[in-house]
Amino acid sequence: MLRLVGIGHALPAIEVSTEFLAGQISEANPYPWIEFRRTTLPLEYIEATGNAEPAQAIVVASESPTSLAVSAVRLALERAQLDPDEIGLILAGGATPRQTTPSEAQRIGKLLGLKVPAYDVCSVGADLALQISSLKKWKKSRIPRYVLCVSTSTATQRVNYRNGSEAFLIGDGACACILSTAGKEGFEIVSAQHRTDMVADYHSSIEIYGHLRIVQPAFKDWYSATLEKELTDFFGYEKGSPTSVCCEQLVAEQADLIRSCTAEQVQICCETGKFGYLLGPGGFLALSMKWDHGIECSSVVVLSGGVGQSFGTVSLKQ
Amino acid sequence: MSDQMHVLSMGVAFPEGRISNQLIEELDIGTNEEWILSKIGIRERRTSLPADYIKSSRNERPQEAVAVAQDTAESLGKEAARRAIEGAGLSPKDIGMVICNCCTPEASAPTEALRIAKGLGIEGEAYDVFTACPAFALHVDYLANFEAEELPEYVLCISTAVLTQNVNYNDRSASAIWGDGAAAWIISPRRPGRLKVLGSFFTADPLRCDAVTVDTFGHFDQDGRAVRDFSVRQTVRLLRNIEQDFQIDWHRDVFIGHQANRTMLAQITNNRKIPEENHWFNVTEIGNQAGAGAPATLCMNWDKIQKGQKIVVAVVGAGLSWGSIVFEGTGI
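Top to bottom, those sequences are chains A and B. Residue numbers for the first sequence follow numbering that gives the first Met the number 0, so the first one is 0 and each next one is one higher. Residue numbers for the second sequence follow numbering that gives the first Met the number 0, so the first one is 0 and each next one is one higher.
No lab work stands behind these hints: they were computed from the structure. Treat the hints loosely; a few may be bogus.
Derived list of chain B stretches under chain A, where covered just means 3 residues or more per stretch with a C-beta under 8 angstroms from a C-beta of chain A [said to hold, decoys possible]:
#, segment
1, 102–108
2, 125–134
3, 194–205
Estimated spans, in silico, between C-beta atoms of each pair [to be verified]:
#, chain 1, residue 1, chain 2, residue 2, range
4, B, E43, A, D291, 55 to 61 angstroms
5, A, D200, B, N269, 52 to 58 angstroms
6, A, A181, B, E32, 56 to 62 angstroms
7, A, E187, B, A66, 50 to 56 angstroms
8, A, W32, B, L206, 39 to 45 angstroms
9, A, W32, B, A225, 50 to 56 angstroms
10, A, E187, B, S90, 38 to 44 angstroms
11, B, R60, A, D255, 46 to 52 angstroms
12, A, V58, B, E32, 36 to 42 angstroms
13, B, A66, A, L256, 40 to 46 angstroms
14, A, L256, B, K306, 25 to 31 angstroms
15, B, A225, A, K273, 41 to 47 angstroms
16, A, E206, B, L36, 36 to 42 angstroms
Quick reminder that beta carbons are idealized off the backbone N, C-alpha and C, glycines included.
Taking the hints into account, I'd like the entire structure generated from these sequences.
Here's what the structure looks like:
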């Protein structure tokens with residue numbers, strides 16, 4: 000039985016308001032429910048350059064994907080009451096690496112002082128759901144006692160702050176989950192699934208030397224259709240409705256869509272309005288932010304997906 | 000059908016462009032063919048870059064390489080994958096899962112796996128599983144983690160890289176090492192194929208991960224001496240363990256190492272007393288193809304595999320990470 004025994008998140012300190020962005024970008028804002036995003040970029044840099052050259056962002060950024068990831072991991076370890084050297088395997092993902100070699104997992108392992116198997120398992124928009132769904136399918140004998148799963152993104156360092164509407168959507172941050180096959184703490188992973196859509200036309204991309212691009216309304220249409228299908232398929236075979244859904248909000252009608260596929264009274268936990276869309280961590284940010292306050296609901300579904308044409312759903316229960 | 004993984008087919012793809020030792024000498028960067036052959040043992044490398052571009056720009060700004068390159072990691076990966084799929088007598092629709100390793104992606108989103116899969120008309124799940132050079136061992140070991148019934152009938156694994164696009168051609172060591180290429184293989188957890196997986200292993204030492212780096216907006220860099228020493232030592236250790244655990248007879252069985260440089264491989268084969276005819280390699284003519292090197296070598300020798308013969312793959316590289324696979328020829 001696989002359990003989530005600890006979760007952590009990290010967000011950079013700099014806040015980008017919609018008001019600030021409206022002063023930079025002439026395009027209309029398709030994401031009016033997002034008031035703030037977090038960024039690793041100084042606001043003066045954004046104002047002065049519009050981040051026209053993403054290579055320059057690295058020089059001025061306050062954090063890297065790796066530093067955010069390690070902060071998230073340390074919180075997860077603290078909550079799980081574990082020392083780093085109890086981790087037996089690191090899986091990581093992230094679409095904005097500072098280095099294409101070594102892997103993000105290996106960079107994280109170095110900063111944690113670990114000498115363990117570490118490699119990237121990545122789908123961009125649903126890294127953590129992918130990693131958890133993979134572990135759920137492994138032979139129990141092959142899973143170390145504690146596995147660290149991480150997704151990290153500094154996608155604002157790839158945003159064009161002069162043209163396009165991506166700036167209104169994107170925020171930076173990282174999430175880390177500690178999975179275990181031992182003990183009774185935390186949440187049981189009831190089920191986890193991950194899907195990639197190779198049929199739809201590309202609606203989003205990050206060129207290795209260029210900017211993040213999201214094509215609207217293709218992205219919105221794809222996300223809405225995928226979310227509805229995912230929820231319908233998922234709850235078609237899951238018994239009962241979750242009491243809570245953790246997710247990121249990428250379309251205006253998302254809450255209605257979720258309630259129509261689950262139950263009217265389902266609690267929706269979402270932090271996108273305050274922190275922006277983080278890509279890989281998905282709904283795990285919302286779960287992490289509730290962790291210390293005690294999660295009252297007995298069953299939670301965490302949704303992730305979007306950029307990268309991937310989608311994941313993880314169902315947990317206490 | 001027993002639940003045991005088999006490799007059913009493989010495919011490779013290399014760009015047409017070549018970097019000879021003479022071209023490197025002409026760059027006037029403090030090296031010559033004699034030095035290259037004695038230290039690295041590479042005669043030629045494949046490259047996606049035009050020779051004129053290398054000579055004129057030295058690829059000082061890797062961003063410019065993308066515009067002139069004649070191949071990409073994706074195009075090479077797709078070609079290698081297509082050949083592997085055809086070699087197995089399958090169609091893209093038969094592939095249920097694609098995993099890919101690439102240290103030189105043209106885009107970080109969508110993943111390399113998804114872009115290659117989409118380009119081939121594959122509709123199963125696709126995502127990146129990445130560790131750079133030891134990818135062959137990682138992918139097999141990663142799949143070995145799964146309960147067999149959780150894997151689809153056919154899994155496509157790809158390792159592709161165009162590292163010449165991240166070489167600074169003022170750097171005499173890097174210039175001589177790298178080549179471009181892709182390898183792909185079809186694995187089944189249930190269907191029999193020419194190679195049965197007897198065992199696999201992968202691990203890492205992230206504390207030394209800074210020894211080999213490729214900056215996203217920059218060049219390849221490494222602590223050459225430390226990496227070389229690690230590579231030889233770690234490969235020898237892997238082989239010693241494998242020889243014992245799998246009753247390897249080097250007069251019958253075959254060794255394939257990480258295709259980093261020929262001189263290093265010679266140190267390993269001398270240490271383990273592996274006869275030349277049972278050491279398969281391609282680095283001398285292709286260069287170091289990162290994670291594609293070892294599987295490409297195996298693919299290029301596919302028709303030589305004999306029934307009952309063990310093929311030992313021991314690979315090391317960035318991360319620092321390392322791993323191994325022991326295959327047995329089935330005669331299929």
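Consistency of the hints with the structure:
1. 102–108: holds (count 7)
2. 125–134: holds (count 7)
3. 194–205: Holds, because 5 residues of the segment 194–205 of chain B bring their Cβ atoms closer than 8 angstroms to Cβ atoms of chain A.
4. B:E43 / A:D291: 55 to 61 angstroms: 60 angstroms, holds
5. A:D200 / B:N269: 52 to 58 angstroms: Holds: the Cβ-Cβ distance is about 54 angstroms, inside 52 to 58 angstroms.
6. A:A181 / B:E32: 56 to 62 angstroms: The hint (56 to 62 angstroms, Cβ to Cβ) holds, given that A:A181 and B:E32 are roughly 58 angstroms apart.
7. A:E187 / B:A66: 50 to 56 angstroms: For A:E187 and B:A66 the Cβ distance comes to about 51 angstroms; the hint holds.
8. A:W32 / B:L206: 39 to 45 angstroms: 44 angstroms, holds
9. A:W32 / B:A225: 50 to 56 angstroms: 51 angstroms, holds
10. A:E187 / B:S90: 38 to 44 angstroms: Given range 38 to 44 angstroms: holds, Cβ gap about 40 angstroms.
11. B:R60 / A:D255: 46 to 52 angstroms: At 49 angstroms between Cβs, range holds.
12. A:V58 / B:E32: 36 to 42 angstroms: 39 angstroms, holds
13. B:A66 / A:L256: 40 to 46 angstroms: 42 angstroms Cβ-Cβ, so the 40 to 46 angstroms window holds.
14. A:L256 / B:K306: 25 to 31 angstroms: With a Cβ separation near 57 angstroms, A:L256 and B:K306 fall outside 25 to 31 angstroms, so the hint is violated.
15. B:A225 / A:K273: 41 to 47 angstroms: 45 angstroms, holds
16. A:E206 / B:L36: 36 to 42 angstroms: Cβ of A:E206 to Cβ of B:L36: about 38 angstroms, so the range 36 to 42 angstroms holds.
In the structure shown, a violation is registered for the earlier hint numbered 14 alone.
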